[in-house]
Amino acid sequence: MILHTVNKPGDCLSRCLSMASQDDAVLLIEDGIYGAIDNSVNQHTWKSLPSGMSCYALVEDLEVRGISDKMLPQISPADWALFVSLTAEYDKVISWG
Amino acid sequence: MSVAQSYLILARSSPYGSNMPKAALDIALTAAAFEQEVAVVFLDNGVLQLLPNQDTKSSGLKNGSKMISALKIYEVQHVYIHLPSAEKSGLNLSEVPDVIESITDELLQDLVSKSDHVMVF
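Chains as they are written, first to last, in the numbering used here: chain U, 1 to 97; chain P, 1001 to 1121.
No lab work stands behind these hints, which were simulated from the structure alone.
Be careful, since some hints might not be right.
Said to hold, decoys possible - Distance ranges between label pairs, derived from CB positions:
#1 P:Lys1057 x U:Val64: 43 to 49 Å
#2 P:Pro1084 x U:Glu63: 35 to 41 Å
#3 P:Lys1062 x U:Leu49: 46 to 52 Å
#4 U:Leu49 x P:Thr1030: 32 to 38 Å
Keep in mind it's a predicted model, so treat the numbers as computed, not measured.
Glycine residues also receive a C-beta, built at the ideal position from the N, C-alpha and C atoms.
Chain U on its own, in the form it takes in the complex:
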């Protein structure tokens, strides 16, 4: 059980998703947030995602970047409290950047 945090979009996110398995979680933060926008590139990137995997994006970063209402449906907003509890819940954290 790994929590993957991703702070850049593009190949960084793709690499993370290629390494993640079903019981892992992915949390998008900082510029990684742009990987949550509902567009064709991201739809393709997230297509191969293991089913049942939890995907989050940090609310503060979503709001700052103005994309709270443009998110892919499989990604849920996460506040700081959830971020903290995720880091406690999962065995380890990998920071992709």
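Given chain U, put chain P in place with the hints provided.
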């Protein structure tokens, strides 16, 4: 430190564009010096760190590829090149130093899940 932990260093950055490659080597060498189990995997643009014939004489930059060849001497247990990344970059495995083992997607995923700490550079 009494109990050794396993550290997996994922080197994803090209060699001269940032200080990430140096940071990866520093962490690997430091952990190995403290008798931790260390493995380094070069993947994505990181495989470019393994290109032969890197010549830094005229640039004044430090040539990190020499250090990579020496990692095992400093007790870094495993140094791998990620095969799919090597293929993507057109890097021929015969070009990389002999001490570097190759690793598939499947084995890398296994290594990621088994390591106590995974760090991405």
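> In this structure, is the beta-carbon distance linking Pro1084 (chain P) and Glu63 (chain U) contained in 35 to 41 Å?
Replying inline: holds, 37 Å
>> I want to verify a distance hint. Is the separation of the beta carbons of Leu49 (chain U) and Thr1030 (chain P) within 32 to 38 Å?
In response: The hinted range 32 to 38 Å holds for Leu49 (chain U) and Thr1030 (chain P), with Cβ atoms some 35 Å apart.
>> Tell me if the beta carbons of Lys1062 (chain P) and Leu49 (chain U) are separated by a distance inside 46 to 52 Å.
In response: Check failed, 40 Å falls outside 46 to 52 Å.
> Range hint 43 to 49 Å: satisfied by the CB atoms of Lys1057 (chain P) and Val64 (chain U)?
Replying inline: holds, 45 Å
In summary, the structure is inconsistent with hint 3 from the numbered list given earlier, while agreeing with all the others.
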